[in-house]
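Following the hints, position chain S against chain U.
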Amino acid sequence: MSGSELISAIRYNVLQGRRDKDDEGLEDDLVGEPGVEELVKEALQKKVPVHDILLHGLTEGMKQVGEKFEKKEYFIPDMLSAAEAVGAVMETLEPYLLQEGTTSKGKFLLATVEKDQHDIGKNIVGIMLKGAGFHVVDLGISVPTADIVTAVEKEKPDYLGLSALLDTTMRHMQETISLLQEKGLRSDLKVIIGGAPTSPEFAGKIGADAHCKDAFAAVNTANEMAGGGGANG
Amino acid sequence: MDFFGREGVTVNPYLRLRDKELKTIHSASMELLSDPGIELSHEEAAGIFDKAGATVTKSERAKGTWVVKIPEKLVLQALETAPSQVTLGARNPEHKLILDGETPRVYFGSGSETNNILDTNLEEFTSTSDPDKKLKFPVHKRRRGMVADLCAAARLGEHLEHLDFFIRPVNIQDDDISEDSKDVNKFYACLNNMTKHVMAGLTDLNQLDNIIRMGEIITGGPEQLKENPVMSFITCVNKSPLQLEGDSTEKMLSIIKRDMPVVLSSSPQGGSSAPIDEVGMVAQINAEILAAVTLSQLAHPGAKVIYGSVPVRARMDNLHDMYGAPEFNQYNIDCVQMARYYKMPCYSTGGVADAKVPGIQATAEKVFSHLYVCMAGPHLLHYAFGLLEETQTFCFEQAVLDNQHIGMVKTLMQPPEVSQDNVSYSLDVVRKVMNTSHRLFARYARKRIHSGQLFLAYPFEGGEIQDETMANVKAETQRILAEPVDHLPDATSDQIFAEIPGILDRIR
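Protein sequence lines, in the order shown, are assigned to chains U and S.
Residue numbers are given in numbering that gives the first Met the number 0: position 218 of the first sequence equals residue 217, and the series is strictly consecutive.
Residue numbers are given in numbering that gives the first Met the number 0: position 346 of the second sequence equals residue 345, and the series is strictly consecutive.
Only chain U is shown next, with the shape it has when bound in the complex (with noise of 0.2 Å):
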């Protein structure tokens, strides 16, 4: 496949949602062909500009996806294997894109808070930020305050993402905002909170910088903050 080729096959591939060869994606008789990631292997072998595959195919495919989305063409399962196609193959890129001098739109830390089990919202949230290109550290569920906030120190995030779906456990948002701030980890921080239980007020009363209402809010609220497009772009 020539260069121009392999960016239209990663486009086609993030519509199918593909992420490597044994992926079904959405049409027939798929399997065995190569995914994105194979495609951004072999596009990277031959030389295609990193900004290219990027750009035209990674982003372009993604924005298509929104496209179809908005339509009610395309499902939040769509949304979400194409993402996770994207994601993937991000941290294979990351070292080309530092080369080029592109930067990553930054690094987010995601915890479902503790005593709290649930965690499909968190990983939503989580496949679609590595999507649109963000570096993400999951820590997972349940995570006690104190462990959040060591992580905070050690991994040094541009955004943490705070997730509940209990009201009993939507408490441990805000001990987690105040020990930040006690051990002095707030003020380069973005705090992000989303869950069915909490809300903008909410947000605004434990002094989180954002409340989100779902994975595409998180997306665009993350990329304002980091100056970018929204969710599509």
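Keep in mind that the hints were calculated from the coordinates and are not lab data.
C-beta atoms are modelled at their ideal positions from N, C-alpha and C, and glycine is treated no differently.
Any given hint might turn out to be false.
What the hints assert, rightly or not - Here are the simulated BS3-like cross-link-like pairs (lysine-lysine), alpha carbons at most 30 Å apart as the crow flies:
| # | chain 1 | residue 1 | chain 2 | residue 2 |
| --- | --- | --- | --- | --- |
| 1 | S | Lys50 | S | Lys19 |
| 2 | U | Lys212 | S | Lys132 |
| 3 | U | Lys71 | S | Lys133 |
What the hints assert, rightly or not - Facing chain U, from chain S, some residues (calculated, C-beta under 8 Å):
| # | residue |
| --- | --- |
| 4 | Arg141 |
| 5 | Arg142 |
| 6 | Ser436 |
| 7 | Ile448 |
| 8 | His449 |
Positioned in the frame of chain U, the structure of chain S alone reads:
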């Protein structure tokens, strides 16, 4: 057979009656047929029964009426010759229906000759607690049904995905339509506006040959019509309790003589013209239908007849037919099982609301009935679209809602797909997902989502904290009614109008 028509939905039937109970009801019906027997006001039919060995005596109650005591062996003999498979044709062969007494394949259809149309209009109201808040609510108006409504109902029915066959849902009461021109107008209005199977009763027996001629012109000739009966008939032969009515008996005998498919129906009312108790009701209606089946087979062995059960319950504050009562559905399920016990195709009933307007009551009454009667596996489930107010009113918007709900019922009835291939695929998916950090199966839902087989969302839901269903249904109804349909070719209509008198020019 070189075609396969509409798929319908084949169910794994719910068995309300056990085998022993089916036999008990059969025996009870046989007892009724021999004592008191049936009353019959049709001389030729009395002669047919007499010749076959039934005990026929003149009734003392009314002149020109006979009492016929039918021995079980005559009934069993009739059930031997009554076909277990009847094919109903359609202008578009893809819409053919195969009714097989041994296969519980369900088709949903409309029905049946209401006098009123319910118009639904959305009007804006101002909230009394918040004058800035404008809300839209449906305002309903009832009016007399006209032939233009029947044409529109057929166009709507053509486009309703889950409507498998069509029975005129509205009585045509135009001033320029007389008793003797009603049949030709109603059949033409249906057949010119849809390509699905059309069923109807006959208003005037003198019009039977005109209707059959219309079918012959549409299909290409007498043989073609027999191969592809684009229309069939419904005769309510029985007047409950246990009487074969003269005019309808004459219609039935005339229809089977012409080798056209016909439903032999009975519609007793539990609590007034039949026992209210389930077993009594079912024993009686079963006896009534079997009496008609027996007569049909004695007159023309092999006649294409369909077991037509329309048992209803009396509403006790006005003795109207009642369809929302749970007992109505129980009666109907039992009849479906009786028809299958005899390996006969079954025309059953469900999905009528007693409610006067679309809404919560109508939906509850209809959906319980659509689902429950369907579970028994009738072949033709009529009355299922748009009927309100105990079948007195037809509402286009309600028919669109019913189409949605029937689609959901059909999905519920789909059999599970348990195969080694499916198991292997699913286990593979679970293992793959367990190897991911996020443990999400969403990716593997996509093929299903895009197959068109997955329920995505209730199509009429609104986005506000207010019921927007009717506004959305109204918009959808208007959209469907604006869609074109495949009318009869001009040459066909020309020939129909040239040969068959009485059809109004304005419905061409």
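Hint-by-hint comparison with the structure:
1. Lys50(S) <-> Lys19(S): 33 Å, violated
2. Lys212(U) <-> Lys132(S): 26 Å, holds
3. Lys71(U) <-> Lys133(S): 29 Å, holds
4. Arg141: With Cβ-Cβ at 37 Å, over 8 Å, it is violated.
5. Arg142: 37 Å, violated
6. Ser436: Hint on Ser436(S): holds, closest Cβ of chain U at ~7 Å, below 8 Å.
7. Ile448: With Cβ-Cβ at 5 Å, under 8 Å, it holds.
8. His449: With a closest approach of 6 Å, the His449(S) hint holds.
Of the numbered hints listed earlier, those contradicted by the structure are 1, 4, 5.
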